[in-house]
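Following the hints, position chain D against chain H.
Number of protein chains: 2
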Amino acid sequence: MNMTNVKQPFIERHIIMTPGPVEVHPNVLKAMQSPIIGQFDEKFLSLMDETMEMTREIFQTKNHWAYPIVGTARAGIEALLSATLEPGDKAYVPIFGRFGHLIAEIAKRTKANVHTSEIPLGEVYSFETLKKEIDASNPKVVAIVHGESSTGMMQPLKALGKYCQKQGIILIVDAVATIGGTDFKMDEWGIDGAITGSQKCLAAPAGMALISYNKKIESIINAREKYDQGLDPNSINDRMISSNYLDLSQLQAYWSPKRLNHHTEATSMLYAVHEALRLTLEEGLDKSIKRHTLNMNALSEGLKAMGLHAFGDKTNHLPTIKCFYIPKGIDSVAFRQKLVNDYHIEIAPGFGPLKDNVWRIGALGYSSRKQNVLILLNAIESLLLYYGASINTGKAFLAANKVYKK
Amino acid sequence: MNMTNVKQPFIERHIIMTPGPVEVHPNVLKAMQSPIIGQFDEKFLSLMDETMEMTREIFQTKNHWAYPIVGTARAGIEALLSATLEPGDKAYVPIFGRFGHLIAEIAKRTKANVHTSEIPLGEVYSFETLKKEIDASNPKVVAIVHGESSTGMMQPLKALGKYCQKQGIILIVDAVATIGGTDFKMDEWGIDGAITGSQKCLAAPAGMALISYNKKIESIINAREKYDQGLDPNSINDRMISSNYLDLSQLQAYWSPKRLNHHTEATSMLYAVHEALRLTLEEGLDKSIKRHTLNMNALSEGLKAMGLHAFGDKTNHLPTIKCFYIPKGIDSVAFRQKLVNDYHIEIAPGFGPLKDNVWRIGALGYSSRKQNVLILLNAIESLLLYYGASINTGKAFLAANKVYKK
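The listed protein sequences derive, respectively, from chains H and D.
Counting in this note's numbering, the first sequence runs from 259 upward without gaps.
Counting in this note's numbering, the second sequence runs from 259 upward without gaps.
Derived by calculation from the structure, the hints in this document are not laboratory data.
Be careful, since some hints might not be right.
Chain copies aren't distinguished; within one or between two, either way the pair holds.
[Said to hold, decoys possible] Within a straight-line C-alpha distance of at most 20 Å, the following computed SDA-like cross-link-like pairs (lysine to any residue) qualify:
1) Lys265 / Met310
2) Lys484 / Leu632
3) Lys562 / Gly587
4) Lys369 / Glu483
5) Lys484 / Ser500
6) Lys369 / Asp496
7) Lys390 / Gly426
8) Lys613 / Thr387
9) Lys443 / Asn574
10) Lys484 / Asn636
Chain H on its own, in the form it takes in the complex (with noise of 0.2 Å):
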């Protein structure tokens, strides 16, 4: 490969119903187009300060702290769980699917004590089940996924939530698939830290985890507190974080008016997240909740509509991405190649012992908008009869349609 000869690539436009990365909003790409300024400048700090307090909107908390990090969503997992976890606690991850897997696998590597449950793919928990496995393992941290993408289920919080805080174990929440598109009601349901990143409902490109925590987490990090050497030679703490990157004593001191010398902020990722912010709360959190929900049920009933059904317990299903089984005889793979190819629009495949048998599609952030729902509603109609499923045919407009008429 001659390197100096590669190209401008020409990328073509995709309608994105997967679960994420999704369609980033244009105005949240015209804000990366601003020019870069140095991270202490005046402006930038003012749009730092910006950008946490939407984040506490979003989450719907008065939680001082809530920023960005400069990373992947399961960074920000990553990072809430190693600074609140240290080799030997006890820490309880209830599993109903990939992310639950994740949490454990994150928790297990701190060196916590981590126990885990789990049951079949397609359920969430009763809170008496969770109690239980709780009062069991008497753990100070519990960590749980809010929606689980790789099953399309959304698990209730609330109770769990009032019982943690009377108990004083810490609740963390993985939001990633459902804050911006769904009610996530971080200080009223009693979650102490929760991470969401901003390629799912927020409509701006993958790069950035959002976290917040409260005081207990707060309080733990402080008495963690490690500053570079570099900047302090007389910071020492034997029980810092083992990573610098991620170390939440180090990134608070750089959201705080101390604008500690951590890492070189991501700034066009800023520019887009803070845009991002901006259109959800301009738009309404509640305006964008119900639109997630409406399109989300237009697409559902559209399916139906056409024959498909939808997986797993219908009273949990997440408002943002949703398992549907394949009809028959589809060739999953093919399907969905042909989909891009033809129509330039994406679906997810199931995963892991779910990937033959369901898509995984989702409806998020600027992805969630009516156009999308009704070219992906025809677009499937039109591919299944063309591989030749039996499905009832002409309904699936009328279906959607109805929806967004009520």
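Just chain D now, with coordinates in the frame of chain H:
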């Protein structure tokens, strides 16, 4: 603060003559406007492969492994150090500024046994000193900064590299301030692992760390391989890397034909890095390096003609960032603030003990161009006169012009 009223900010175009982040090349900004596509889309996979190939070229290496990590430069440093260092391993970190301290800090957090040495700011190490320290400490890994942006010094690496190679010692180099802007012959100099950042000589925004490593380091990573349990329940390894997010055994599997599902790649930032690499190779790596040297020379000669003096060992100045003593009686903070307010030009303060004595002036990436050098020289002259400094007037442009005329 009522956040529903936050406005889309207007960001003034700054002329950035600091160690970074630097002005982003206009074509890089354009590339970031490309629509999002899924990270397993064929087109995206080919962009990833091209990015690897171009990364090899700018690192001047035939290493297979050469790819970006979603995170700032220190994420890359931490990823390489925590992959190669296991608890109790011996490491040697020669320090000659702030970023040497950072390497030592990160290395210590891996629980390695870290030996450090320090020399006065403004100096670099002689090979003899390095050899003596290595022979005495017998490390598994030597980790050192190439371009120390806190002092503007560049450490010669060739003799060190050859010696480490002979001794079977792993040499890891922080080349954040140098790759693309000065020669960095990874293979020829015997360097096993190296890191650079997107926001320096490559003229992309901050948020990506580019790394490369050879088979010696790969074999350690392979021996520590551990995939998420949600992907492979049988993946168990006592020697696993403590970070999941920065685990190079998973990252290299993601950047291999396996395409291991690890993180959601930062789409727009990958577009940026791909285009930044492409532009560097289109200009020609040699020409890019010559441009950096030329502009820094012109800037230096201009400042010298004004009567300013460069800080530190003159035979080992960085061609990308240089420190200059602040003329007597000038308040560093007020001067830099007026430079931003009146001219929208940024230069950087000195670091740590040099804070009030020097300015750090960078000319990296797209910021390294004649226009910027000349504007900066005129502006510095005007403001030094405004603040009453005793300097030679009317000489700076002529001196810089002489360099360009050669």
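Which holds for Lys265 with Met310 at a C-alpha limit of 20 Å: within a copy, between copies, both or neither? Result: close only across copies, 15 Å inter versus 39 Å intra.
20 Å Cα cut-off: does Lys369 pair with Asp496 within a copy, between copies, both or neither? For Lys369 and Asp496, the Cα distance is within 20 Å both inside one copy (15 Å) and across copies (11 Å).
Is it within, between, both, or neither for Lys390 and Gly426, if the alpha carbons may be no more than 20 Å apart? Within one copy, since 16 Å is at most 20 Å while 55 Å is not.
State whether the alpha carbon distance between Lys613 and Thr387 is at most 20 Å within one copy, between copies, both, or neither. Neither way: Lys613 and Thr387 sit 28 Å apart in one copy and 58 Å across, limit 20 Å.
Regarding Lys369 and Glu483, is the shortest C-alpha distance of 20 Å or less found within a copy, between copies, in both, or in neither? both (19 Å within a copy, 17 Å between copies)
Within, between, both or neither: how does the pair Lys484, Ser500 come out at a Cα-Cα threshold of 20 Å? both (10 Å within a copy, 18 Å between copies)
Can you give me the call for Lys443 and Asn574, within, between, both or neither, at a CA distance of at most 20 Å? Within one copy, since 17 Å is at most 20 Å while 57 Å is not.
Within, between, both or neither: Lys484, Leu632 at alpha-carbon 20 Å: For Lys484 and Leu632, neither the intra-copy (53 Å) nor the inter-copy (42 Å) Cα distance is at most 20 Å.
Within a copy, between copies, both or neither: where do Lys562 and Gly587 come within 20 Å Cα-Cα? This pair counts as within: shortest intra-copy Cα distance 18 Å, inter-copy 77 Å.
Give the relationship of Lys484 and Asn636 under a CA distance limit of 20 Å: within one copy only, between copies only, both, or neither. So Lys484 and Asn636 fail the 20 Å test inside a copy (56 Å) and across (43 Å) alike.
Violated hints for the displayed structure, listed by number in ascending order: 2, 8, 10.
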